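K.L.:
Let the hints inform the model, and build the full structure from the sequences given.
Chains as they are written, first to last, in the numbering used here: chain A, 1 to 394; chain B, 1001 to 1446; chain C, 2001 to 2329.
These are calculated hints, taken from the structure and not from any lab test.
Be aware that one or more of the hints could be misleading.
Claimed, not checked - Straight-line distance between alpha carbons at most 27 Å, and here's what the computed DSS-like set of lysine-lysine pairs gives: (1) 1180(B) to 185(A); (2) 1409(B) to 185(A); (3) 1233(B) to 1208(B); (4) 1349(B) to 1088(B); (5) 185(A) to 172(A); (6) 172(A) to 1240(B); (7) 172(A) to 1233(B); (8) 1344(B) to 1371(B); (9) 1422(B) to 1208(B); (10) 1409(B) to 1240(B); (11) 1422(B) to 1349(B); (12) 1371(B) to 1422(B).
As the list claims (entries may be wrong) - Far from chain B by the CB rule (all over 10 Å, computed), these chain C residues: (13) 2111; (14) 2249; (15) 2317.
Note that the coordinates shown come from a computational prediction; the quantities given were computed from them, not determined experimentally.
Ideal placement from N, C-alpha and C gives every residue a C-beta, glycine not left out.
The residues making up each chain are set out below.
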Amino acid sequence: MTASAGAAGTRPQGFRGMRDRAGTLAASHRSITIIVGWIIVATALPLLMLVPPFSTFQTQSLWIDGFTNAGVFILLALGLNVVVGFAGLLDLGYAAFYAIGAYTYAFAASPTVPWISLHVPFWPMLLVGAAVAAMFGLLLGAPTLRLRGDYLAIVTLGFGEIVPAVFLNADKVTNGTNGIGGVYKPDLFGYQFTLGNPVPYYIAMVAIIAIVMILVYRLQDSRLGRAWMAVREDELAAASNGVNTVTTKLLAFALGASTAGLAGVFTASKLTFVSPDQFSFAVSFTILAMVVLGGMGNVWGVAVGAFLLYTIQSVLLKQLNPFFHTLNVPFLKDIDFVQYQFLLYGLALVLMMLLRPEGLFPSSRRRRELHTEVDEYVGDELGPDPSSSPMEQS
Amino acid sequence: MKLWKLGALMGAAAILITACSSSATSAQSAAPASAAPASVAPGGSAAAGGSCTGTLTIGTEFPMSGGETANGEPAANGVKLLVDQVNKAGGVGGCQLQVNVQDDAVNGVHDPQQGAKNLQTLVADTSVVGVVGPYNSNVAKAEIPISNEAGLLMCSPANTGVGVTMPPEGDTYRTAHPDKIAYIRTATPDNIQGPSMADYMYNDLGVKSVYILDDTETFGVGVGDSFQQEFTKLGGTVVKRDSAPKSTSDYTPLFTAVAGQKPGGVYLAGTTPSGMGLALKQGRTVPGFETIPFGGPDGIADLIPAGGEGATLTVAGAAAHDVYGTLGAVHDIPNPQAFNDAYKAMFGKDPGAYSAPSYSCAQVIVAALKKAIEAGATDPAALREGVRANATNSANSFDTAMGTLSFDKYGDNTHPFISFYKTDMTTNPASWVFVKQQEFTDPNAP
Amino acid sequence: MRPDIVRVLQPIVIIAVSLVVVWLLLGGTQQFMNFLTLGAIYALIALGYTMVYGIIELINFAHGDLFMFGAFVAMWILTVPLGMTGAVDNPLQLTVILVVVMLPTMIVMGLLGTFIERFAYRPLRHAPRLAPLITAIGVSFILQNVIYSVFGPSPVNVPQVFPLTRFEFLGGRVSFLSLFMVAIAVFLMVLLQLFVGRTRLGRAMRSTAQDREAAELMGVDINQTIAITFFIAAALAGAGGTIQGLYFGSVQFNLGFFVGLKAFTAAVLGGIGNTTGAALGGFVIAFIEVFATQLGYSRWSEVAVFTVLILVLVFRPSGILGQQLGERA
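P.N.:
Set out below in structure tokens:
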């Protein structure tokens, strides 16, 4: 838990002694803090699931499997946070990079690819997948450098639609709508991962997230991280202060995309199957909602946001029927909640945003902005001032 | 963020979430929602012929929310109907049955990852002896490796993709236990259904040139491809092959573009829920397509009279004349009306296209379970394995609502039938009428 | 005098020439009419996107679902209170039916739009930019689910009140219905142009879009102006929905998402915030789609739409008719 204190980056004011010092220590040794924090969280979560009430709902191995799936979204949210939260570039087609990562691994490690049959091991492919996704990040970033605000958003949205459409339509290469099946599962020093045992996947996922998180923190504190922030706050001022906005923005796209590449490779190996319909706009938007909900710019915040939203969508909403049925709540047990998932999900999004517009855990910097300058116009976190796109009559 | 606050929030959220995901294993049917349903009588050997007490579960795995509800709900209802009937008749070997309904739609669209997660949930519930589903071939491809590894039988009423079962692709999904398959399907695969309509249109309807439109989904593309191959082989001309995703709202430009080539018929490779019903309706309004015959697979020939929710005849309305469809099942089953009546009595509406097939899947599971109990299986693992072994044994055959079924070494129906239907606009409401049926040989026969 | 004539004639000539070119490219009247109808629908929705964006900088993702909602309201009015089932031949009666369906639909949708603005967007007016975007998507889910709960997941038929009579025109057979629909759409667009350009409220909208604070200082009631913008945008979506339902004869609860996405693309393509641009963008998108289909690349039409969008934005970062702005205004 010390990890969270350090992660949020502020020293708890009003707390004295130990706590304060622990906070300082955590902040100055962030990588170690993250590793220790993750080891604690990652061991505590499954152990917690052995204890009632958790243990009565679902077996521990199902919980672990669910956490691993949530981990994929945590990775995605961490990556998108670099683009949207750090650099302030709204990306509505982030799932495209996820798809690219997944297909990269599928091409390299499945017997059913129409044009090739390889079995490249999983671990190096993690890096290759990240690299390929980063390359496409540059490809998308390059032509969009001149674009601002929501024009950028729509181009990324278009990119997010084009990529799955290409995977769908280029069926000679990708098997089209049939997808690529039989993707090899990872193995490590001769130990073969199996679908029946979620623990190895879980450990691998925790390790990947920890590494990504350390890297993301290092980036945030680096010169590049400060450049991103400068570009986000005021691109013109950043440029006139010597920030190379072109490289800065391109790197944001590339590094953000690489994380999605990792997530894609992982998913392909865990699901052993990729198909174009797994990467629709709904996925891009879900990741964005995770980032916004968690608190843009705050690394631990978006991780928690991703975890919560995934659990709401894939566990909570799917289990409302048995839940109310077990409790035998008079009126509620007769409602078929499966049919109202959408409605509840929509309501949850609207309410969460109305109650906490800056996200559950706003980054310290954002919070300061929001609470000190509330009288001024502070809505401009992405792109230009509202007056820059006047509705005109021509 | 203050540390204690974060901790408290996370803790509260975790409690909320786990509280709400309670009893993932309990039933949605009327069966009592006890925490531990599986309890087979201990010492079953003492009771002659094996007996069973407690509650066993049949899982269903379909898209149940959003636009795909129309696919999943009638199929899941088929299972609920059978379970209800079995329970009223005293259960199986003394055991009562319940249904565990899983939904693989996320944001309203079927999702292989959610499907895999659901199947893991069903595998983890030891009372589950068999699963009926899934609907989409793509979901199946993510699930079969899991069920194969766990030895839990899945029976799909709807998957028709060739690669789902047949080698070489099919083998890649059964790597854990290549010799112990755990997936069977009742639907006739695409490589029989597509060509059969090609033959029918070319020979019986005299259509020599055809326009093929698919819905870009696995089923549509697969059945469209095999139709195209056969039609060309017969000597017919395919004037154009188009693909239009489900999101298409306007099909008229597609038909307009091909009108100049004057096709003699149209093959709609896809299903009404994925847009082919609208394609039929809109295509008919384009000059040149007003009267020519339209053909389609079982996604078109849903056999539901006009007025049924989401049925082809309802969606297409007056445009549904001269439509021909195939269904991958035998037509001459003993008493089709009995099933329809029972379904209507329980759910208050007509069955969907996949209600009877998933009812049949559940019948296979129940029959296999009965055999397993009779053979003396008592503990959940033995029952599960017994169901798997009995259902996939090609020596066994099962009497179902779709006729007699048995499954070959890859899990395909050994006696695939195709029945042909056409629309009849003179009845009130408009309906599908039977034309003929045809038996094919086992596609996997040596 | 002369510059005035040129100013009036120039756009007319440009429009006429491009229509002829489009007609030739699409291989004749039949496909041309498909393009016109589709373009009209996209344009009506794109107008709503662009107005809302222009005034509060919000990509209103729920707008496509307002269009869908409108289609259902129109369908309901047609079937339940009016009890229509079949075609009506009398032109006068048809006009009356159309007015009785379309006007209430537009009003209901307008009210719904204002309602959504009041409760989902207004509280977030000073929140971070992305917060209203997420609520917009939430609202979109809610609208879909409301329709889904009432009308179910399958397509619902809209009674074919317009007879499918066609007449020969330039080698194609054109239905009166499609001509009529396009005419209504164009009429609404012209009306909107006049409203925004010539009325007091229109001026208030433009000034609010330019500079909200300044407009407020000049006595413009900001809340009211934004509410009216939402009303008009949603009413146009309702009109689009009515046309969709009557023309295609069926409506489905998830219809709004993709149509909305394309209309949004159209708005950006034309230059977001610019009403003429939005209409133009709608027709451009429709042309790309229909043309790709005509050439036999229907499965690539979506890719074509977004590729063109990216190319246009790369070379004209503010869209076809968008104002070219400095780095920061």
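K.L.:
Confirm or reject each hint.
P.N.:
Against the structure, the hints come out as follows:
1. 1180(B) to 185(A): This hinted pair holds, its Cα atoms lying about 20 Å apart.
2. 1409(B) to 185(A): holds (25 Å)
3. 1233(B) to 1208(B): holds (12 Å)
4. 1349(B) to 1088(B): Measuring from Cα to Cα gives roughly 21 Å; hence the hint holds.
5. 185(A) to 172(A): At roughly 24 Å apart (the allowed maximum being 27 Å), residue 172(A) and residue 185(A) satisfy the hint.
6. 172(A) to 1240(B): holds (19 Å)
7. 172(A) to 1233(B): Measuring from Cα to Cα gives roughly 22 Å; hence the hint holds.
8. 1344(B) to 1371(B): violated (30 Å)
9. 1422(B) to 1208(B): holds (19 Å)
10. 1409(B) to 1240(B): With a Cα-Cα distance of about 37 Å, the restraint between residue 1409(B) and residue 1240(B) is violated, given a limit of 27 Å.
11. 1422(B) to 1349(B): holds (23 Å)
12. 1371(B) to 1422(B): Violated: residue 1371(B) and residue 1422(B) sit about 40 Å apart, past 27 Å.
13. 2111: Residue 2111(C) clear of chain B: closest Cβ-Cβ about 25 Å, beyond 10 Å.
14. 2249: With a cut-off of 10 Å, residue 2249(C) comes too close to chain B, as the shortest Cβ separation is near 6 Å.
15. 2317: Per Cβ check, residue 2317(C) is outside 10 Å of chain B; nearest 28 Å; holds.
Going down the numbered hints, you'll see the structure goes against 8, 10, 12 and 14, while the others check out.
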